[in-house]
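Participant: Next come the chains, spelled out residue by residue.
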Amino acid sequence: MNLNYRDEDNKFRKEIKDFIKSNLSEEVLKKASNGGKYTKDEIVNWQKALFKKGMFASNWPKEYGGCDWNPMQRYIFDQETAFANTPQIVPFGVTMVGPVIIKFGTSIQKERYLPKILNSDHWWCQGYSEPGSGSDLASLQTKAVSEGNNYIVNGTKTWTTLAQHSDWMFCLVRTNTKCKPQEGISFLLIDMNSKGIKVEPIITLDGSHEINTVYLEDVVVPKDNLIYEENKGWTVAKYLLSHERTSIAQVARSKSAIKKLKYIASQETYSNRPLINNVRFRDKLTKLEMDMHALEYSELRILSDEAKGAALGSEASFLKIRGSELQQKISELTLEAVGSFGIIQSNESNIEKTNEYFPGPEYANNVGAEYLNLRKTTIYGGSNEIQKNILSKMVLGL
Amino acid sequence: MNLSLSEDQVLIKESAEKFLNLNYSFEKRRSFLENKKEAYKKNWKNFAELGWLGLAFSEDVGGFDGNINNTMTLMESLGSALVSEPLIFNNLVVGKFFEKFLYVKGNEHLKEIISGEKIYSLLFSPNQNYKNLILDTLIVKKENNKTTVSGKYNFIFGLDEFDYLITPILIDNKIHVYLLKKNIDLFDTRNYETIDNLVVSEVEFNSLELKENSLLLTINKKEFFEKLSYIIDYATLAMCSQALGIIDKMYALTLEYCKTREQFGKKIGAFQVIQHRLVDMHIVKEEMRSLNYMGQLSMEEEQQRIKSISLSKIFLGTNAKHMSQDCIQLHGGMGVAKEMSIGHYFARITTFCSLFGNSDYHKERYAIND
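Residue numbers (the numbering used here), protein chains in the order written: chain A, 1135 to 1532; chain B, -10 to 359.
Read the hints as simulated data drawn from the structure, not as lab findings.
Quick caveat, the model's predicted, so the values are computed rather than measured.
Fair warning: there could be bad hints in the mix.
[To be verified] So the derived list for chain B, only partly shown, Cβ under 10 Å to chain A, looks like this:
1) Phe144
2) Asn195
3) Ser196
4) Phe335
5) Asp349
Note that CB positions come from ideal geometry on N, CA and C, so glycine has one too.
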């Protein structure tokens, strides 16, 4: 057992650092470290640059244009980009639907979609949840009716992250109603420019627009866009969800957030001493670091098993539960650390009723909004309650 | 012993709820937030007519006997309706200020506060750790018989629509309290929106001359802070009472949601894991009420007051905060959508946790006074 960095790992780390430096200005990174959000263009440019450099699609095999990094390389990349506050790779294309197309897609489908995902020419969104089907995903009602070479799709998808920017949606639809719910679902790729699609924003607690409701009315989808077989969508969805749930753990970003929190606590004072020296506060901080390292080493153990060929299963649920809880706890303690400035709305322009000027220290800008926004983490990607059901069934055998 | 609501409290609760359901519904509130200044004026007038602005004060000055239980009952109702008008700051804090520091029968300022005719605000910042409470951010200069003050002061709650700013200033180790008139004594105010749609102001003085005729009183530091401490505790309890109204409402909304939302072919409230969490919430909200009543009954004995108010505030920042998070969780995606009211209650609880001293501050205060 070891977690030593070999020379090639250190060389790799330096490559990543240099790449970040030459592609993102200090100004941009500083803004992001103070809670600023990246625009779509900034994210796309970053992803394109990564791809050009051969640093994109770390989970794809080389033959498909990925970089097929080993767990150590992925770990280093995640850490360096998180500590530098680079844009985060939008997962829906490269992390989620990409591996699905690689595993289940036909060669025509691979040719058609994969290059555009790699070059970030297409933005993807995930059409899973529906107003009546959240935790109980298998009960979804969006219908796809066969008509010649097409499906005619009708229904409503909701909580659709970034649908407002998306070119394509991977979508779970019902193709058979006369069987067990899981057995009548198919996995379709839908062009978001199709006639009959309407995207409506959902404003979240922090006042920002990330998620949407997507209405589908008589949308014509060619049967060529079906992934795997008709009524086998649940198998595809489960494969995809295991990818979503590991990336959802956000260990490196949490580590970086704790570093920021420590900086804040060294700047803030309590009874004329740095807040970080206050025992009550410090204990809470140490507890967070314990949680973070417990998660970090759990993830490393899982990655190491995976590298040896073990298939990922319920482990992803464990990472999702703890990872999402940790994100929330860090934001909660950060809110405490910045004091009452945390309750003043930020000057971020993508937020409703924003303040023109933020009166507190730069690092406090957006901290309150972040606390509100991160409530989503224990709800999305399969609520933590659902993850616990999965674990109790698959691991505990209950 | 009697720890149930008096007839007066029941009447206040019922009439407040009736008024707020009609005039301060979630939809009406949304429109108030679009034009805060106008809504504030209109609502303030209504509150005065309902007698709410006099509830905390004695009949001598035009109030309604000042019973604390009645006041806190009203606060609870204001919390459940997410009322944004800062009654705590522009009514309770300033009214109690005159009551404690300058009490005379028929006090003109108090009369104006109770009638709602004039808006008073106190230069006082209920921020997380009371950092600026000793007013050391303000610089006082004395030159050629003129005393001037400069500096910024943040976290003044309430719109900057006040007519008078009660301004305590430390000069020669004594507190001088001035009554500054807006637009006559020139100072800058800037407003900021909070995450729960309240407004806080920052006041900035640029060599403002403090004139003898606006001096209300001079008092030594120790006495000033002793009396101010009572006022702050009163206001803290008022905020905890609003929080109690919010927590009650969040519980009711969440219970209702779990009774109607179906997944896996049944109401999610039929799952035992959800039932247990709802039961925990029920207990939390009842415990919160118990501590709140303890606070109401402890106001007049200093050490008891300090300890019990701190307990209420600790409870808010720990158990009640945790419960507010759980209410969002049980709402699933609906919990994070701003069109639902639950998130607005959540944001208000979040704000309240960081005002009037956070739970760590009150843990320490409790320990020191135990």
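Participant: Was the hint right that B/Asn195 lines chain A, CB cutoff 10 Å?
Facilitator: Cβ of B/Asn195 sits 17 Å from chain A, so the hint is violated.
Participant: Does B/Phe144 hold up as a contact with chain A if the rule is Cβ-Cβ below 10 Å?
Facilitator: Cβ of B/Phe144 sits 6 Å from chain A, so the hint holds.
Participant: Given B/Phe335 as an interface hint, is the shortest Cβ-Cβ distance to chain A below 10 Å?
Facilitator: Check passed: Cβ of B/Phe335 comes within 7 Å of chain A, closer than 10 Å.
Participant: Would the stated hint for B/Asp349 survive a check requiring a Cβ distance to chain A of less than 10 Å?
Facilitator: Since chain A brings a Cβ to about 5 Å from B/Asp349, closer than 10 Å, the hint holds.
Participant: Does the nearest C-beta of chain A fall within a distance shorter than 10 Å of the C-beta of B/Ser196?
Facilitator: Check failed: Cβ of B/Ser196 comes no nearer than 21 Å to chain A, outside 10 Å.
Taken one by one, the earlier hints fail for this structure at numbers 2, 3, listed in ascending order.
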